[in-house]
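Engineer: Once you've looked at the hints, go ahead and assemble the two chains, each given alone in its own frame, into the complex.
For the protein sequence lines, the chains are A and B, in the order given. Going by numbering that gives the first Met the number 0, the first residue of the first sequence is number 0, and it counts up by one from there. Going by numbering that gives the first Met the number 0, the first residue of the second sequence is number 0, and it counts up by one from there.
No wet-lab data here; the hints were simulated from the structure. Glycine included, C-beta positions come from ideal geometry on N, C-alpha and C. Don't take each hint at face value.
[What the hints assert, rightly or not] Covered stretches of chain B (chain A as the covering partner; in silico rule of three or more C-beta atoms under 8 Å from a C-beta of chain A):
1. 91 to 101
2. 120 to 129
3. 151 to 159
[Stated by the list, open to error] On the chain A side, residues computed to face chain B include the following (Cβ under 8 Å):
4. A157
5. M163
6. P166
7. P170
8. L172
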Amino acid sequence: MKTYLSQIITLVKKDLVLEWRQKHAFFGIVLYIFATVFVINLMIMKPEDKIWNALFWIVQLFVCVNAVAKSFMQESRGRMLYFASLVHPRQFIIAKLIYNVILMLFMSIMSLVCCTMLLGNPIISPYYFIGVVMLGGLSLSLIFTMLAAIASQASQNAALMAIMGFPLIMPFLMLLGNISRTAFEPVLQPGLVYMFCLLGGLDVLVIGLALILFPYLWKE
Amino acid sequence: MAKHWWKILSVVIILYTIIAGLSVKIPIIANNEETSRNLFYHVPMWIAMYTQFGISVVASIMYLASNDLKKDIWASSAGSVGVLFGLMGFATGSLWATYTWGGTITDDPKQISTALALLIYLAYLVLRSSFSDLDKRARVSAIFNVFAFALLIPLTYIIPRMVDSLHPGSTSSPGFKSADTDGTMMRLFYPAMIGWALFSVWLYTIRVRYRKLALKKIIHA
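Just chain B, with the same shape it has in the complex (with noise of 0.2 Å):
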């Protein structure tokens, strides 16, 4: 019990953030409206996403220094949750824009340069599975991770940041965190960042002990 209480705290902080997050009363921000609450769910998969990516480019150098499959395993799991956050992010902001923006795809520069993000980590995978000798994709994979996570942070951080977007906090729109005055929605906005980077962790965790289990024979040995 003493080593599970953040997973439970995880469940309970998301429920919370679930259902706050539909129920509270929320200021009215230029014309986002009611749409505003996906602050909620979308911008958490993000901090999910970069924990997740985070994990697995530590665990990549981890190997190339030690050579233990072990890490691989960490790198690989981290990498896949990663990609499935990734994904639900994209999913959501897309949701969103749908009604917003008018479309489901934009030429949105932040939109844009996450596609290709989640576009070099599904090439990590598919490099992944065109290996048959495991210590060989090993090695490889997590060198091409280690390239992957250091084109992640201009892509996603410093481009976006030059050009103009539509995305709210961008320059031609307001932000949420000025608006929000009475600080409604940033008692709910960070919680939900926590929860979920706590959940993203839980699934890993479980990532790693199926992957143990399916390699057992050669780690083992």
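Okay, chain A solo, but in the shape it has when bound (with noise of 0.2 Å):
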């Protein structure tokens, strides 16, 4: 058991590391979260509320498909097999699930930054709203890790990666977008705690869907 879990913070400092050695790719999705909302800035200087929302999740929509996306991409068939050898399966997908939720957990506050500071800051409850961007951008980086990972087995992988995942993220989405506008609004919407409930399942489905099926999609 001990190993097992030392294995998976052993494959998760791998890719940190590695991200930080090739700083070309971090770096490039912070500027691109940064060109993505300077150029809203300059279409419509301060959005409404609504429209501010509606665009802050739709910028890490894109971000996530870009940061997370690569996660496979970058490893090539021979490393593959190499992991293969030496891990099981399971132990391969949770690393890859921590690594891409750390990764965009970060992504997450540099847009956030970026959105509050271009775009105007309309949130009234700013604790709240952080704690929801964070689980937007758990629950968004859970599903595109195991969608990145379908979609490596694929050849054209990075336009099947927005066929396959932006109708299932929709979901994920309409739950966010309606959980995140209690921050812009000083009065209470009901059904809050059930979304919240609801989308907490949906995380933990594709988080055990993840873990029984990608052996599956390993076998070779």
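Structural biologist: Pasting the structure below:
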């Protein structure tokens, strides 16, 4: 059990170190966030609450596609085979999930900072919103990790990511958009707890499916 | 003949529900008036769609367990027949919405979420077509299919129930079942569901046979 966990931690560490060594990819995404938000700033200086919210989640969606998609593409075939000989596929997917969650949480904070800097700050309850953003980053990265794993098996995987991912991510974005609206209004929304439970349930579902299905995906 | 009775049954039931559905006297429910007849044509499409997607996900799980390409043919055939019925359900619903809600595509949560569910399954069909290796295609699309079904249920069952919908039976508009005191509508509605579900299974078996013929050499090799 102890080696099982330490192997996962080593895999996560390896990904993080790799990320830090290849700074171009990392800072590429940071620049991507800044550029996207800046374009929105140029087009509609200070959007209203509702539009601010919508634009923020769209930025999050595209950032997630770009940040998470490469996590499986950067692994060459040979290296995958090497991992397969060392660890159980379940450990590998857990490591990838953890790594992508860490990456996406960082990117979420970046895009939140960029958005409040460039698009004004209509948020009334900031701590609540930061919490929702974290939860959103978590949900998005979980589902896109699994989709990236599926897409990496196909040929033109970048286009496939968008085709598969956008319909699948919609229920998450619908829920997140509704939940985060509370941060802009002083009134409490009805059914908020229920929506949180549903989102949490969906996250658990995605993790469970990833753990069950990934070993099949890796069989080669 | 003994094997085909249910096919004949499905056609008879569908013909009966189409003819009787247009001619039977129905109660006038709120401001739906005669458009309530759409119940006989719109809702059975979803039953057929769920039947097919159910078959599809079970076949996908069976494929993952057995690696038998026949199961993949079952899954993909049921997936495409299910999408067909989903599109028909969406079309009949939108047509109805045009005359009762005053818009073909509205912001009704049920309409949005079913459109998303259909997009997910269309993505499944696109994903299938992007592989050239049969075994790989079967494996990867089976995995995606399980995901799709796992999200179909919250999307079309849980989320629409949380929010207010324009649909009959939701909080703001009266349901049909309680208003249908004589039971004339339910007497047609339940057979229609069974009839269309059987018909979808028939279409599915034809599709399976066609695909098996197309892949005959590979499966028997």
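Engineer: Now, for every hint given, state plainly whether the structure supports it.
Structural biologist: Evaluation of the provided hints:
{"no.": "1", "hint": "91 to 101", "in the structure": "violated (count 0)"}
{"no.": "2", "hint": "120 to 129", "in the structure": "holds (count 5)"}
{"no.": "3", "hint": "151 to 159", "in the structure": "holds (count 4)"}
{"no.": "4", "hint": "A157", "in the structure": "violated, 12 Å"}
{"no.": "5", "hint": "M163", "in the structure": "holds, 5 Å"}
{"no.": "6", "hint": "P166", "in the structure": "holds, 4 Å"}
{"no.": "7", "hint": "P170", "in the structure": "holds, 5 Å"}
{"no.": "8", "hint": "L172", "in the structure": "violated, 10 Å"}
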